[in-house]
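Chains A, B, C and D supply the protein sequences, listed in that same order. Using this note's numbering, the first residue of the first sequence is number 301, and each one after it goes up by one. Using this note's numbering, the first residue of the second sequence is number 27, and each one after it goes up by one. Using this note's numbering, the first residue of the third sequence is number 67, and each one after it goes up by one. Using this note's numbering, the first residue of the fourth sequence is number 42, and each one after it goes up by one.
Some clues are possibly wrong.
To be verified - Output of the computed footprint for chain A on chain D, the stretches with three or more beta carbons under 8 Å from beta carbons of chain A: (1) 47-61; (2) 67-73; (3) 76-87.
Said to hold, decoys possible - Rough simulated footprint, nothing fancy, chain C against chain A, three-plus residues with beta-carbon under 8 Å: (4) 379-390; (5) 466-479; (6) 543-557; (7) 705-718.
Unchecked claim - Chain D residues, not near chain A, derived (Cβ > 10 Å throughout): (8) 64; (9) 128; (10) 139; (11) 156; (12) 177; (13) 186; (14) 205; (15) 212; (16) 223; (17) 229; (18) 230.
Hint data in this document are derived by calculation from the structure and do not stem from the laboratory. From the three backbone atoms N, C-alpha and C, an ideal C-beta is built for every residue, glycine too.
The primary structure of each chain is shown beneath.
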Amino acid sequence: MNHLVLAVEAWMKALESYTMSLSEDSIWLPFFGILNQVPQEVWLAVSMFLSASMILGMIIAPIAGFSTFVERRVAGRIQARIGCNRVGPEGLLQFLVDGVKLMSKEDHIPQGADRFLFKLAPYFLILGAFMSFACLPFGKYIVVSNINVGILYLLAVSSLVVIGILLAGWSSNNKWSLLGAMRSAAQIVSYEVPLGMSLMIPVMLVGSLSLAHLNRYQAEGFSSWLIFAAGPFTFIAFFVYFISALAEVNRTPFDLPEAESELVSGYNTEYSGIRWGLFFVAEYANMFLIGGIATTAFLGGWQKSVANIPFLVFSLFFIFFALLKIVFYGPAFVQSLGRKKGVLFALAHTKVRSFSKPLVLVLLFLSVLSSVGLHVLSDFWLVSFFVFISKSYFFVFIIMWIRWTLPRYRVDQMMDLCWKRFTPLMFVCVMGTALWMLWSQR
Amino acid sequence: MTAQAMLSQLTEQFDESIVLESSHEELHPWVRVHPEKIQEFLSFVKNHADFSFDFLRSLAGVDYQQYIEINYILFSYAHGHELIVKTQVNIEQPFISSVEKIWPAANWYEREVFDLLGVSFKGHSDMRRILLPDDWEGHPLRKNYREKKEYRGVSTQREYLTGMPELPTLSPEDAS
Amino acid sequence: MSSIQIQHFDDEMEINMGPQHPSTHGVLRFRTLTDGELVRKAIPEIGYLHRSIEKIAEMVEYHGFMPYTDRVDYVAAMTANHGYALSVEKLLSTEVPKRAQYLRMIADELCRIASHLISVGTFPMDLGAVTPFVYALREREKINDLIESLCGARLTYNYVRIGGVSFDMPDGFAQRVSAFLDQFEPLMNEFDDLISSNNIFIDRLGGLCPISKELAIAYGLVGPNLRASGMEWDLRKHLPYAAYDEVDFDIPVGDGRCGQIGDCFDRYWVRIAEIRESVKILRQCLVQIPEGEIQAKVPKTIKPPMGQSYAAVEAARGEMGYFVISDASKNAYRVKIRTGSFSAMSIIESQSKGLMIADLVALIASLDVVAPEVDR
Amino acid sequence: MIKAVTHWFYGFWTGIKATSIGMWTTGKHFFRQPVTIEYPEIQVESMLPERYRGILHVDMDICISCRVCEKACPIACIVIDDVRGEKSSVMSKITGKPTPKIKYPTRFDIDIAKCMYCGLCVEPCPTGAIYHTRRFEGTVSNVSELTYRFVSQEDLTLADQMSKELEENERKKAEEKKKKELEKAKSESTNL
C-alpha cells in the first residue's frame with residue numbers, strides 16, 4: 301500500500317506546482333483550482349482502481365484468452381494433429397477472432413429459463429476468477445493490493461464460482477444442466493477442505509496469511525522454497541493442493557459438471573454467444589490463478605533462484621519461436637495481400653514455412669542463454685514479473701496436458717477420493733509439519 | 027447327432043397333431059408344429075438333455091399371402107446342431123403365444139415381428155411397436171403393403187425433392 | 067411416443083437421452099427414469115435409423131442387394147457382404163475358389179480391426195479421455211486407405227460378389243499390409259497403456275454390471291459380449307467358413323481380470339485381445355494365399371432354386387446371420403438379417419436398473435451397440 | 042486393519058503410476074510430427090488409388106446403349122432413351138476389339154444425388170464407356186443440378202443422322218425386295 305500512497309502524494313504536489321505556474325487569466329485556472337480541492341483519499345481510490353484494471357485488463361484477460369489458443373495447439377500436438385494455425389502467424393490471433401465470433405453469435409435464452417438469474421450466472425464466475433487476482437504478487441512492486449489476509453481472501457472469493465455454476469445450472473431450465481450444477485456443487489464444496497488445509501501448511505511455516513510474507517520467506521534461493529521446507533509433508537501438500545485445485549476449477553479428471561459425454565455439456569448447455577464465452581474466460585483465468593498460487597505458496601513466487609531457469613527456458617523458447625514466426629509472417633502476408641483477395645483471405649492463407657531441425661536447436665540454445673541472462677538480472681522488477689508469469693504458465697501447461705490424458709471420475713468415486721484419501725492425508729501432513737517445526741526450533 | 031436321428035426322435039416324441047411335417051434333406055432340418063402347441067414343443071426342445079437348443083438365433087416371420095409363417099431358428103451350443111421350427115398363423119387374426127418365458131431374447135424379436143408383420147404374441151410382457159412410430163398404419167413386410175405418400179405432413183416420396191420427372195423406381199407392384 | 071403410461075413416483079425425473087446425445091453411438095434413444103443420478107429404468111427407443119433393408123431385399127435382384135448389406139453395419143461392412151454372399155452361395159451350392167476365400171478373409175480381418183478400433187476408441191471417449199479415440203482413428207484411417215486401394219471405397223465396400231470377389235489384390239498390397247501390421251502393434255500397445263493400466267478406468271469399469279454366461283446366452287448375446295461373459299464360442303473356430311480352418315488363432319475369453327467375469331472391463335479387454343488375434347490371422351493369410359481366379363461361374367441374373375438357407379458370419383459385433391428364402395424368381399422372397407447389436411441392445415433395459423447415468427453410458431459403450439445394426 | 046492401511050497407500054501408488062504412464066505416452070507425442078494434412082491446400086485427388094469409386098462419367102462415343110448399366114443399378118438412377126440407327130462399330134476399351142453399335146442414345150441421365158457409388162454399373166459395361174472418375178467434390182447449389190446429362194448436342198445430331206440413314210437403307214432394301222418379287226413373279230409368269 302505504501303508505494304501507492306507515495307505515488308499519490310507526488311501526484312498531488314505536481315498538480316499544485318502546475319496550478320501555481322499557470323498565469324492569472326488562463327482559462328484552465330478554475331478547472332485546476334477544483335482539481336486541487338479533491339481530497340487525498342479520492343486520489344488513492346482512483347490509483348487503486350487504475351492499478352487493478354491495468355493488471356486485469358493488460359495481464360489476466362490476454363493470458364486467459366491466449367490460453368484457449370494454447371490449449372487447442374497442445375491438444376492438437378498430443379493427438380497427432382495440427383491445431384488452429386490459420387488466423388495470424390501460426391494462429392496467434394485465433395482468440396481475438398473467437399471473441400469476435402462469440403460476440404456476433406446470438407445469445408439465446410431458453411424459453412422456460414429464469415431470465416434474470418440466467419443472465420446473472422456468468423458474472424459470478426467472472427467475479428470469482430478476477431477478484432482473486434487482487435492479492436497475487438506478480439512482481440517486485442507489481443501487486444494490486446497487498447492485504448495481510450491473502451490466503452483467507454483467496455479461499456473466500458474462489459467459492460463465488462460455485463454460486464455462479466449453481467445459478468447457471470438451475471436457471472437454464474434443462475435437466476442436464478441441473479444435474480451438472482448439482483454435481484459441481486458437491487465437487488467444489490468437498491474439495492475446499494483439502495485445498496484449504498494444503499494452503500494452511502505454508503501459512504503455518506511462514507506465520508502470516510499475507511502472500512507478500514510468503515514470498516519474502518522464500519527469498520534466499522531455491523533451498524528456501526516452501527515445498528522443501530518441511531520435508532515430505534509440504535511436498536505431499538503441494539500435490540494435494542494441485543489436484544484439489546484442479547477439482548475446484550472443474551478440469552479433467554474432475555470435469556464432471558460439464559461432462560460432455562454424459563451431460564451434453566453440463567451447466568453451460570443452454571448458453572451461447574459471448575455469455576458462453578464468459579464461462580470459458582473465467583475457467584482459463586482460474587487455471588492461471590491455480591498456477592499463480594502454486595508458485596507463490598510453494599515455489600518461491602518471483603524471488604530470484606537458480607531453479608527458475610528451466611521455467612524461463614520453457615517460456616522463452618516458445619516466445620522466440622513465435623517471434624521468429626511473426627518475422628517470417630510479415631513478407632508472406634504482404635505477398636499474399638498481393639493476390640488482391642482482401643485482407644481476410646490473406647490472413648487465412650499466409651503459410652509460414654515450418655522450421656528445420658537445426659533452426660529449432662538454435663532457438664533452444666538462444667533461449668537457454670537468455671534465461672541465464674535474465675536470472676542474473678532478476679532483481680529488476682520487470683524480470684521478476686516475467687519469472688512469475690512463466691512459472692505459473694508452466695502449471696497451466698501441465699493442467700492442459702493432464703486434460704488430454706486422463707478420463708473422468710464418476711461422482712461417487714470423486715467424493716470418495718476427496719473424503720477418504722485427501723482429507724486424512726492432509727491431517728497427517730499438517731500434523732507432520734507442526735512436529736517438523738517443533739523439532740527444527742529445538 | 028445327425029438331423030435324421032433328431033427328427034425321428036422328435037416325431038415319435040410328439041404325436042401327429044403337434045409335429046405336422048419335417049424334413050432333413052434340405053439345407054437345414056426343419057419341423058412344422060401346430061400353432062397352439064408351439065410353447066410346449068419349444069420348451070421341451072430347449073430343456074431336454076440331448077437337444078438343449080439354448081440359443082434362439084433368430085425369429086423370422088414370412089408373409090406367404092395365404093398365411094404368415096414364423097420360423098424359430100434354433101442352435102445348441104452344447105451339441106452344435108441346429109433346427110428350424112416353423113408354425114403357420116392365419117393371416118386374418120394373426121395370434122400366437124409368446125416364447126419370451128423360454129428365451130428372453132425373443133422379447134425384442136417378437137416385438138419386431140409384431141411391428142413389421144402384424145403378428146401379435148399373447149403373454150408378451152411389452153407388446154408394442156419397436157421400430158416404427160406407434161401411429162404408423164400398416165405393416166411394411168406384408169406383401170400387400172403400399173407406403174402412403176406422406177406421414178404427418180412429411181412426404182415420403184423422394185422425387186418431390188429434386189423436381190425431377192418421375193424416374194421409373196421399382197415400386198412394389200412390378201417387383202412381386 | 068409410446069402408448070403405455072409408465073407410472074411415475076413423485077420424486078422421479080424422466081430424462082431423455084435422446085436420439086442426438088453425445089454418447090449414444092448413432093441415433094439411439096433412452097427414456098431414463100432417474101431419481102437424481104440413479105437410473106431406475108432405462109427404456110430404449112429404437113427405429114430412428116430404420117431403412118427397411120429387408121423390404122428392399124424383396125424388390126431388388128440378388129446382385130443388386132449386395133451394396134445394401136454394407137449399410138446394415140457400415141462400421142464393419144465387409145463381414146456383412148460376406149454373410150449375404152455365403153447364404154446365397156449355399157442356395158446356389160456354388161464352390162468359391164480358394165483365392166477368393168482368402169481375399170475375403172483378409173478384407174474381413176482388416177475390417178474387424180477397424181471396427182474394434184472404433185469401439186475401443188469411443189469407449190474411453192465416453193468416460194472422458196478424448197485422446198485414445200484420436201489414436202484409434204489414426205490407425206483406422208490407415209486401414210481405410212488399404213481397403214480403398216483394394217476395392218475402391220472407404221466405408222461401403224461392395225467388394226464381395228456372390229461366388230467370389232470383385233477385384234484381385236493390387237500389386238504391392240501384401241507388402242503394404244504387412245508394413246502396416248508391423249507399425250500397428252507397438253502403437254496398439256501404446257494405446258492400451260493409456261487405458262488398461264489407468265486406475266481411473268479400472269475403478270470405473272471393474273465389476274460394472276457383470277453379465278453371466280447363462281444370461282448372455284438367454285438374451286442371445288453374441289461375439290465379444292458373449293466371449294467376455296466366459297463363453298468360449300467363435301464362429302470362425304467352431305463353425306469355420308471360408309478358409310478359417312487353415313489359420314490358427316486362439317479366442318480371448320473374459321476372465322474377470324479387473325472385477326467379475328463379464329463386466330464392462332472384460333468386454334473392453336476382449337476386443338483389445340481380438341485385435342491382436344486378427345493381426346495374427348492377417349499375417350498367416352498374407353503368407354498362405356494361393357494363386358487362382360477370384361470369381362466362380364455365376365449366371366448374370368441369379369435365379370436360385372426354391373428353398374431357404376441360413377448362413378452366419380462372425381462379424382465384429384458377433385454372429386451376423388442371413389436367412390434367405392428364395393421362390394426361384396430373380397428377387398429374394400424374404401431376407402431376415404440377424405445382427406449382434408439388436409440382441410445386445412435388448413439386455414440394456416434389464417441391466418440398467420440402479421446404475422448411475424455415467425455407468426449407463428459406460429454400459430452402452432461396452433456393449434458396442436451401433437444404430438444401423440439395431441434398426442436395419 | 043493393516044491390510045486396509047496398506048490398501049489405502051496402495052491406492053496412491055497405483056494412481057501415481059497410472060497417471061505417469063498416461064502422461065508419458067501422451068508426452069511422447071509432443072516430439073512426433075502431426076499426421077493430418079491440410080485439405081484445401083494439398084490436392085487430395087492425386088493421392089487416391091486408381092480403383093477409387095468417385096463420381097461416374099460416361100464416354101458417349103463408345104457407348105453402344107446396350108442399357109446393361111441401367112438394369113444393373115439397384116436404385117435405378119440411370120435413365121437411357123435411344124433410337125435405332127445405322128450399324129457402326131466402336132473400339133471397346135475392355136476387350137480392345139471393335140463392337141457393333143446399332144442404337145444411339147438420345148438421353149443418358151445419371152442422378153448422382155441418388156447414386157451410392159457401388160460400382161455395379163461399371164462391371165457389366167461391354168465397352169467400358171461408364172467408369173468412376175477420382176472426383177468426389179460434387180457440391181452444387183440445387184439438388185436437380187446433380188442429375189448429370191451426358192448426351193451432348195453432337196450425339197443428338199449423330200443419332201438423327203444415323204436413324205435417317207437407317208430409314209433410307211430400309212426403304213432401299215424394301216424397294217429391292219419388291220423389285221426382286223416383281224422379277225420373280227414376271228419370270229414365273231413367263232415360264233408358265
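Now for the hints, and whether the structure bears them out:
{"no.": "1", "hint": "47-61", "verdict": "holds (count 4)"}
{"no.": "2", "hint": "67-73", "verdict": "holds (count 5)"}
{"no.": "3", "hint": "76-87", "verdict": "holds (count 4)"}
{"no.": "4", "hint": "379-390", "verdict": "holds (count 3)"}
{"no.": "5", "hint": "466-479", "verdict": "holds (count 3)"}
{"no.": "6", "hint": "543-557", "verdict": "holds (count 3)"}
{"no.": "7", "hint": "705-718", "verdict": "holds (count 9)"}
{"no.": "8", "hint": "64", "verdict": "6 Å, violated"}
{"no.": "9", "hint": "128", "verdict": "55 Å, holds"}
{"no.": "10", "hint": "139", "verdict": "51 Å, holds"}
{"no.": "11", "hint": "156", "verdict": "32 Å, holds"}
{"no.": "12", "hint": "177", "verdict": "22 Å, holds"}
{"no.": "13", "hint": "186", "verdict": "26 Å, holds"}
{"no.": "14", "hint": "205", "verdict": "53 Å, holds"}
{"no.": "15", "hint": "212", "verdict": "64 Å, holds"}
{"no.": "16", "hint": "223", "verdict": "80 Å, holds"}
{"no.": "17", "hint": "229", "verdict": "88 Å, holds"}
{"no.": "18", "hint": "230", "verdict": "90 Å, holds"}
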